[in-house]
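Chemist: These are the residues of each chain, in order.
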Amino acid sequence: DAGITQSPRHKVTETGTPVTLRCHQTENHRYMYWYRQDPGHGLRLIHYSYGVKDTDKGEVSDGYSVSRSKTEDFLLTLESATSSQTSVYFCAISGTGAYTEAFFGQGTRLTVV
Amino acid sequence: TQLLEQSPQFLSIQEGENLTVYCNSSSVFSSLQWYRQEPGEGPVLLVTVVTGGEVKKLKRLTFQFGDARKDSSLHITAAQPGDTGLYLCAGAAFGNEKLTFGTGTRLTIIP
Chain H
1 DAGITQSPRH
11 KVTETGTPVT
21 LRCHQTENHR
31 YMYWYRQDPG
41 HGLRLIHYSY
51 GVKDTDKGEV
61 SDGYSVSRSK
71 TEDFLLTLES
81 ATSSQTSVYF
91 CAISGTGAYT
101 EAFFGQGTRL
111 TVV
Chain Y
1 TQLLEQSPQF
11 LSIQEGENLT
21 VYCNSSSVFS
31 SLQWYRQEPG
41 EGPVLLVTVV
51 TGGEVKKLKR
61 LTFQFGDARK
71 DSSLHITAAQ
81 PGDTGLYLCA
91 GAAFGNEKLT
101 FGTGTRLTII
111 P
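In order, the protein sequences belong to chains H and Y. According to the working numbering, the residues represented by the first sequence are 1 to 113, in order. According to the working numbering, the residues represented by the second sequence are 1 to 111, in order.
Because the hints were derived from the structure by calculation, they are not lab data. Where is the CB? At the ideal position from N, CA and C, for every residue including glycine. Do not rely on the hints blindly, as some may be mistaken.
Unchecked claim - Keeping only pairs whose Cα atoms sit at most 27 Å apart, straight-line, the calculated DSSO-like set for lysine-lysine is:
1) Y/LYS57 / Y/LYS70
2) H/LYS53 / H/LYS70
3) Y/LYS98 / Y/LYS70
4) H/LYS57 / Y/LYS98
5) H/LYS53 / Y/LYS98
6) Y/LYS98 / Y/LYS56
7) H/LYS11 / H/LYS70
8) H/LYS70 / H/LYS57
9) Y/LYS59 / Y/LYS70
10) Y/LYS70 / H/LYS57
11) Y/LYS98 / H/LYS70
12) Y/LYS70 / Y/LYS56
To be verified - Pulled from the structure, derived: some chain H residues nowhere near chain Y, Cβ distances all over 10 Å:
13) PRO8
14) GLU101
15) VAL113
Chain Y with its partners taken away, still in its complex shape:
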């Protein structure tokens, strides 16, 4: 069973601060995704990373896939209240298209 551990589980910071959340596993993944979920809604895909060491930027969000394809990070610059939500990572192993979801990081940005 592939496990994806996210940290921190909860994070509450002031608007304008920077933050990083982590997604770690002992398993190797062919690809890894990050999703954001807002209250009352299903998770929505933010990004997919597929190459070890890959860095992708989405406005103020920077995603990195670890060189060994076992971990990933999400960095948010100058956080805004609209960034509030549950952030989930998810990975697919080589030869297995079933997605495994992480434990989630609940982020609150205080205006």
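Bound-form chain H, shown alone:
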């Protein structure tokens, strides 16, 4: 299994509070992604990174920010959590090359009350 861990695995927070989710990899892969998964929506890309300090927005980036100060860590921050951000969040990593296969973490279940 690819070395990718997410923390925390579960979190309940109150509306308006900041929340940071962490993704850590030991594979030295270039690309790291944050997705959210909601019923009926599959995976939706929030932000991704293609290198240290190199990030870009995905399709549902509003209300989220990311940082990647080291190759192995990719942080997702909800500046002021809202109930609409209740979801399961997945981190993924992928390398370079023609077959850009992704490996996923176990997911973080976030509930905003």
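Assemble chain Y onto chain H, guided by the hints.
Modeler: Quick look at chain Y alone, frame taken from chain H:
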């Protein structure tokens, strides 16, 4: 923005039946992958196809990449309850290694 549309969105069939799910796009992809996700877990890669027209078999699963590299299909023969899950396709465009995921097909096999 590259979009991958999967169909059907939901599929429920009896054990032993055959089924096909589709992944379609208007964009051309250098490679396309299929993943399966089980409840409470992250998606896991099943296969990667890289050549237009390519067919790959994984036991009872057959994957095909369209000749024009814009679409793919997954055919399951004699479906079993263990095939139940969310199936996702994902593609990478030429010159862009970022993966784009499809909308997913949620498959339920009824014993």
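Chemist: Would you mind confirming whether the straight-line C-alpha gap from H/LYS11 to H/LYS70 stays at or under 27 Å?
Modeler: holds (24 Å)
Chemist: Given the hint that Y/LYS57 pairs with Y/LYS70, test it: the Cα-Cα distance must not exceed 27 Å.
Modeler: Since the Cα atoms of Y/LYS57 and Y/LYS70 sit roughly 19 Å apart, the hinted pair holds (cutoff 27 Å).
Chemist: Is it true that the CA of Y/LYS70 sits at most 27 Å from the CA of H/LYS57?
Modeler: holds (24 Å)
Chemist: CA of Y/LYS70 to CA of Y/LYS56, is that 27 Å or under?
Modeler: holds (17 Å)
Chemist: Closest CB-CB distance from H/GLU101 to chain Y, is it above 10 Å?
Modeler: violated (5 Å)
Chemist: Take the C-alpha atoms of Y/LYS98 and H/LYS70, compute the straight-line distance between them, and say whether it is at most 27 Å.
Modeler: holds (19 Å)
Chemist: Y/LYS98 and Y/LYS70: Cα distance at most 27 Å?
Modeler: Satisfied, since the Cα-Cα distance of roughly 16 Å is no more than 27 Å.
Chemist: So H/VAL113 supposedly isn't at the interface. Is its beta-carbon more than 10 Å from every beta-carbon in chain Y?
Modeler: holds (21 Å)
Chemist: Next pair to validate is H/LYS53 with Y/LYS98; report whether the Cα-Cα distance is within 27 Å.
Modeler: OK: H/LYS53 and Y/LYS98 at ~16 Å, within 27 Å.
Chemist: Hinted pair, alpha-carbon criterion (27 Å max): H/LYS70, H/LYS57. Please report holds or violated.
Modeler: Holds, at roughly 19 Å.
Chemist: Per the stated criterion, does the least C-beta distance between H/PRO8 and chain Y lie above 10 Å, as a non-interface residue requires?
Modeler: Holds: least Cβ distance 15 Å, greater than 10 Å.
Chemist: Going straight from one Cα to the other, do H/LYS53 and H/LYS70 come out at no more than 27 Å?
Modeler: Holds, at about 8 Å.
Violation of the numbered hints given earlier is confined to hint 14; every other hint is satisfied by the structure.
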